[in-house]
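So you can see what is in the structure, the chains are spelled out below.
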Amino acid sequence: MKLMAEQQGDVLVISAMHDRIDAAGAIQFKDRMRELTQTMTPRVVLDMSRVNFLDSSGLGAVVASMKALGPDRKLELSGLTPTVQKVFRLTRMDSVFVIHANLSDGMRHAV
Amino acid sequence: MRFDAGTHPSSSVQSVTTRIIIPAKELAVRDGLSNLLERLPLKALSQDDRGTIEIVLAEALNNIVEHAYARFEGEIEISLSLAGHELKCLITDWGLPMPDQTVPAGELLPLGAFEDLPEGGFGWHLIRTLSKDLSYRRIGDQNLLSFKLDTKQSQH
Numbered sequence: 560m561k562l563m564a565e566q567q568g569d570v571l572v573i574s575a576m577h578d579r580i581d582a583a584g585a586i587q588f589k590d591r592m593r594e595l596t597q598t599m600t601p602r603v604v605l606d607m608s609r610v611n612f613l614d615s616s617g618l619g620a621v622v623a624s625m626k627a628l629g630p631d632r633k634l635e636l637s638g639l640t641p642t643v644q645k646v647f648r649l650t651r652m653d654s655v656f657v658i659h660a661n662l663s664d665g666m667r668h669a670v
Numbered sequence: 024m025r026f027d028a029g030t031h032p033s034s035s036v037q038s039v040t041t042r043i044i045i046p047a048k049e050l051a052v053r054d055g056l057s058n059l060l061e062r063l064p065l066k067a068l069s070q071d072d073r074g075t076i077e078i079v080l081a082e083a084l085n086n087i088v089e090h091a092y093a094r095f096e097g098e099i100e101i102s103l104s105l106a107g108h109e110l111k112c113l114i115t116d117w118g119l120p121m122p123d124q125t126v127p128a129g130e131l132l133p134l135g136a137f138e139d140l141p142e143g144g145f146g147w148h149l150i151r152t153l154s155k156d157l158s159y160r161r162i163g164d165q166n167l168l169s170f171k172l173d174t175k176q177s178q179h
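Chains as they are written, first to last, in this note's numbering: chain A, 560 to 670; chain B, 24 to 179.
By construction, these hints were calculated from the structure, which means they are not laboratory data. Misleading hints may appear alongside valid ones.
Calculated pairs, EDC-like style, for lysine to aspartate or glutamate (alpha carbon to alpha carbon, straight line, at most 20 Å) [to be verified]:
1) A:K561 / B:E49
2) B:K175 / B:D71
3) B:K155 / B:D72
4) A:K626 / B:E142
5) A:K645 / B:E142
6) A:K626 / B:D71
7) B:K48 / B:D123
8) B:K171 / B:E100
What follows is a list of derived Cβ distance ranges for each label pair [stated by the list, open to error]:
9) A:I586 / B:V36: 27 to 37 Å
10) A:K626 / B:R25: 53 to 63 Å
11) A:I586 / B:Q70: 49 to 59 Å
12) B:F26 / A:T600: 45 to 55 Å
On a predicted model such as this, the values are computed, not experimentally measured, just so you know. Built from N, CA and C at the ideal position, the CB exists for glycine as well.
Whenever a hint applies, use it, and build me the whole structure from the sequences.
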């Protein structure tokens, strides 16, 4: 599970480089997210534009990663592809996360 | 991974079928799904349909890996048959039976407070929402899970 992190001003941008976050990669994803978010930035945006598929284990890992940030930092998401969007919508998790259409939107709109 | 595919004339509507047997492992599920999606009948469907089917199959298969084969290793057989706008899926495994021999209700937990957000329990909800005619039977040492999915695009 390759994740790339880059700090842009007060935003930590993490890009998921693989095309899926699934049961086989969920634990690795969570661990890597924890490592990368040790940098204390007010905002963390996870760009998922390369992720074509997410299953319920992958979703659980994204939720766990948000909770691990603590109550003062929210995990924002950008670039959800259609199938990923469907999983967020059907589980109502789209109401929990701040979701940006794409990364540049995410960079523009401070929450 | 083992394959078997064919076209069968069944009554008036032709069906396109495929069958695959995979080891009950998370990585084998990932590979098996990718193989199925690259083969008929799924290959010919729209991206939207393929996405939906991948979600339902992934949840059903991961559930088998995690629960039915929690204590020992084994295989899973997946049979797909597309006739017109209806995809029939039959998943067989030789693992432990489902608790109470029924499919879990799959009700979503309340989202609740931030620190209580659920990190799981989404799988059966997704399967039940996206599929129809969901059925589970235990026959001898086999678990048979079947369901149907409506597709927007037929194989023609």
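Hints, one by one, checked against the model:
Between K561 of chain A and E49 of chain B the alpha-carbon distance is near 18 Å, which keeps this suggested pair within the 20 Å criterion. The suggested pairing of K175 of chain B with D71 of chain B holds, with an alpha-carbon distance near 9 Å, which does not exceed 20 Å. Straight-line distance between C-alpha atoms of K155 of chain B and D72 of chain B comes to about 14 Å, which keeps the hinted pair within the 20 Å bound. Among the hinted pairs, K626 of chain A with E142 of chain B is consistent with the structure: their alpha-carbon atoms are about 10 Å apart, no more than 20 Å.
At most 20 Å may separate the alpha-carbon atoms for a hinted pair to count; K645 of chain A and E142 of chain B meet this at roughly 17 Å. Note on K626 of chain A and D71 of chain B: the hinted pairing is violated, with a Cα-Cα distance of about 30 Å set against a maximum of 20 Å. Proximity of K48 of chain B to D123 of chain B is assessed by CA-CA distance (about 24 Å); at most 20 Å being required, the pair is judged violated. For the suggested pair K171 of chain B and E100 of chain B, the alpha carbons sit about 16 Å apart, so the restraint of at most 20 Å is met.
Here the CB-CB span from I586 of chain A to V36 of chain B is close to 44 Å, at odds with the stated 27 to 37 Å. Hint check: K626 of chain A to R25 of chain B, Cβ distance near 41 Å, so the stated range 53 to 63 Å is violated. Separated by about 28 Å at the C-beta atoms, I586 of chain A and Q70 of chain B break the suggested range of 49 to 59 Å. Between F26 of chain B and T600 of chain A the beta carbon distance is about 48 Å. The supplied range of 45 to 55 Å therefore holds.
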